[in-house]
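Generate the whole structure from the sequences, applying the supplied hints.
There are 2 protein chains.
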Amino acid sequence: MSHEPRVLLGPGPSNVHPRVFQAMISPILGYLDPDFLLAMDETMARLRYLFQTRNEFSVTLPGTGMAAMEAAVCNVVEPGDEIVVGIHGFFGQRMAEIVERHGGTAVRVEVEFGQVVGVDQIEKALDEHPSAKMVGVVHGETSSGIGQPLAEIGKLVRERDKLFLVDTVCSLGGAHIPVDEFLIDICYSGGQKCIGGPAGISCITLNERAQEVVQARSKPVDTWYLDLMLIKKYWFADRVYHHTAPGPMVFALKEALGIIQEEGLEKRVARHNKVGDLLKEGLTDLGLELFGDPANRLSMLTCVMIPEGADDATVRGRLLKEFGIEIVGGFGPLKGKAWRIGLMGYSASERNVHYLLAALKEILPG
Amino acid sequence: MSHEPRVLLGPGPSNVHPRVFQAMISPILGYLDPDFLLAMDETMARLRYLFQTRNEFSVTLPGTGMAAMEAAVCNVVEPGDEIVVGIHGFFGQRMAEIVERHGGTAVRVEVEFGQVVGVDQIEKALDEHPSAKMVGVVHGETSSGIGQPLAEIGKLVRERDKLFLVDTVCSLGGAHIPVDEFLIDICYSGGQKCIGGPAGISCITLNERAQEVVQARSKPVDTWYLDLMLIKKYWFADRVYHHTAPGPMVFALKEALGIIQEEGLEKRVARHNKVGDLLKEGLTDLGLELFGDPANRLSMLTCVMIPEGADDATVRGRLLKEFGIEIVGGFGPLKGKAWRIGLMGYSASERNVHYLLAALKEILPG
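Just so you know, the sequences run in chain order A and B. Okay, so the first sequence: first residue is 837 according to our numbering, each after it adds one. Okay, so the second sequence: first residue is 837 according to our numbering, each after it adds one.
Since the hints were made in silico from the structure, they are not lab data. Just so you know, these numbers come straight off a predicted model, no measurement behind them. Accuracy of the hints is not assured; some may be wrong.
A pair holds if it fits inside one copy or across any two, identical chains being indistinguishable in the list.
Keeping only pairs whose Cα atoms sit at most 27 Å apart, straight-line, the calculated DSS-like set for lysine-lysine is [to be verified]: (1) Lys1055 <-> Lys969; (2) Lys1068 <-> Lys960; (3) Lys1171 <-> Lys1069; (4) Lys1173 <-> Lys1103; (5) Lys1055 <-> Lys991; (6) Lys1157 <-> Lys1069; (7) Lys1068 <-> Lys1171; (8) Lys991 <-> Lys1157; (9) Lys1173 <-> Lys1069; (10) Lys1197 <-> Lys1069; (11) Lys1110 <-> Lys1055; (12) Lys960 <-> Lys1069; (13) Lys1055 <-> Lys1157; (14) Lys969 <-> Lys1173; (15) Lys969 <-> Lys1069.
The structure is reproduced here in structure tokens:
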């Protein structure tokens, strides 16, 4: 072993259950091996449970959560398309940038870091851009620790007959995000946060409405690797070669999804809520100030202001070196001003909260 | 364990050394953890050895070999650019398709399956398309078992002051491909063939000439996930977040690269040549006919015609069920007519050749 284990309490990657590691080193199978095809089918079934969807097309993608964001955007966007992007942090900004990379026009509905986008703001944008093709938002903003309410936006977007795209990289598996009930047309997540799998694989689900839009494109998707209809041909009956499936990642994610089913989504969300609250109480007791709109703080990612007299790099360095704990610094306007503390998946335990609080108590001044 | 191990003798994925599995389950590190940054640096150094290059920019990519193909193409191609693509099989065709997805014009220099592209053909194409920006070829065509000679094309392309792009997904780590000596400007490979790592990660190297072309683009790359200059910012001094590094894949590939250095590239290529010859002799002794130009057959991927009286699916099914051996069927014009037998990385052993030949002897008619 070339390095010591860490207690991973940043915004991901998180620690994984030993069973996930065990699954990762399952004997390697060919990408058309009958046993591998069975594993793919089982993975899809488990993804439908996780996404709380009946969407047949619920698959893994051979890249990180950022690959999933790009896939979700680029399969829909054609040059000239208008896409309304609700932005309440870094990852919303990135979604808008990706829209533009693919020739679309991002209609930015931006709020301050720490706030959430109002349904009225989305409504105004749709009024002003009636030909917009899709509305995209990030649920859990890993950059701010804030969760975007989804249900009302979902209703609005459906009424206007647009597509609703939701990024749940930070939150899926740790928050209640019923894709069908919230009228989400395209939803994706990464493997390595609340889902409890490894980094390097992601997952996505599309309903029929979304697939019809993708299939009605006038030109092929402008990337080949993330062309969802080609990927679908590999996951379903045709089994047409697209890429060599990342077997170890698929086995690992499948196991992580199995663990989610065993725990049960409801209990798992409750666990994330419980440890998130415990952390926030503990930080407040230490005299620290939490960041952002109290009504919409995420359970799995807490953004906390760095107190007077504490040096960002020194504190994080001591946490890592002396305690083996990783927390991560702030992003954008919070750079050098806040820490981001994740409690995700297997890392989301009371033990980790108590350990971190004890370490901070020892390190912080006063 | 949900399935039995296989002897993987298809065109990838191949079996991996147990040390690669062990590295894959190293404790997970944050993507900016000092120990992880050290692992990235060490991986780059080992990639330079593998590519036989002094290119500083030699990194892994967070996707399969197909992601690397797309990255290599899309970072160079701008709408309207002409790219000469030498095509001697399926993957060359795909390279041309990817050029077109990104708005370029693929100048196809196509030869029959089983043959190689002549330097005179490339020269003619460059004469006819003097403004072409790049020449791309696939070295080892996994679809035909044929290896494209590179050195003369490299000289020609440099004389004409174009970029030379070479796909070595099938062959790097098992064939002699000195990137600098062959005047290759952009070279990439996948993790899971002769390199002996897992599927899901790939690697790429760009020299200064290539990077200058990428940096001189008039518009950003039309994908975000595979934007090499953003990826470079994460791998080098800036360490700017781009994606959450697929830690387990990086550790696994780093270990596979370490094994290559310990064995030595020259010895490793000799091993691939030796077992490839042994297989070809054995197949010929069984009365089977090898496919394609005898002067350019690959060592690590042998394409052999299915003999009279043998049913493709039946033979492969029995190999898999009774012997635990995977070989794979033909592609394109060879579908149903040929088998593709890989001897790659850890799978490239005399033991595997003898076992496969014994199994075929038992299964094949008369």
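Cross-check of the supplied hints:
In this assembly of identical chains, Lys1055 and Lys969 lie within 27 Å of each other by CA distance both inside one copy and across copies; the values are 16 Å within and 24 Å between. Taking CA atoms no more than 27 Å apart as the test, Lys1068 paired with Lys960 passes in neither setting, with 35 Å inside one copy and 39 Å between copies. Proximity of Lys1171 and Lys1069 under a CA criterion of 27 Å is satisfied inter-copy only: 18 Å between copies versus 43 Å inside one chain copy. Proximity of Lys1173 and Lys1103 under a CA criterion of 27 Å is satisfied in neither setting, with 34 Å inside one chain copy and 54 Å between copies.
Taking the shortest alpha-carbon separations for Lys1055 and Lys991, neither the intra-copy value of 30 Å nor the inter-copy value of 37 Å comes in at or below 27 Å. In this assembly of identical chains, the alpha carbons of Lys1157 and Lys1069 lie at most 27 Å apart only when taken from different copies (26 Å versus 47 Å within one copy). Taking identical chains as interchangeable, the C-alpha atoms of Lys1068 and Lys1171 lie at most 27 Å apart only when they sit on different chains, with a minimum of 22 Å there against 40 Å within one chain. Within a single copy, Lys991 and Lys1157 get their C-alpha atoms no closer than 48 Å, and across copies no closer than 51 Å, so neither meets the 27 Å cut-off.
When the C-alpha separation of Lys1173 and Lys1069 is checked against a cutoff of 27 Å, the pair qualifies only between copies, where the shortest distance is 23 Å, while the shortest distance within a copy is 47 Å. For the identical chains of this complex, Lys1197 and Lys1069 are neighbours neither inside a copy (54 Å) nor across copies (35 Å), given an alpha-carbon limit of 27 Å. Proximity of Lys1110 to Lys1055 under the C-alpha cut-off of 27 Å is found in neither arrangement, the shortest distances being 48 Å within a copy and 47 Å between copies. With identical chains, the CA atoms of Lys960 and Lys1069 are never at most 27 Å apart, being 39 Å at best within one copy and 38 Å at best between copies.
Neither within a single protomer nor between protomers do Lys1055 and Lys1157 lie at most 27 Å apart by alpha-carbon distance, with minima of 52 Å and 43 Å respectively. When the C-alpha separation of Lys969 and Lys1173 is checked against a cutoff of 27 Å, the pair qualifies neither within a copy, at 37 Å, nor between copies, at 46 Å. Taking the closest pair of Cα atoms, Lys969 and Lys1069 come within 27 Å of each other only inside a single copy of the chain (25 Å); across copies the shortest separation is 33 Å, beyond that limit.
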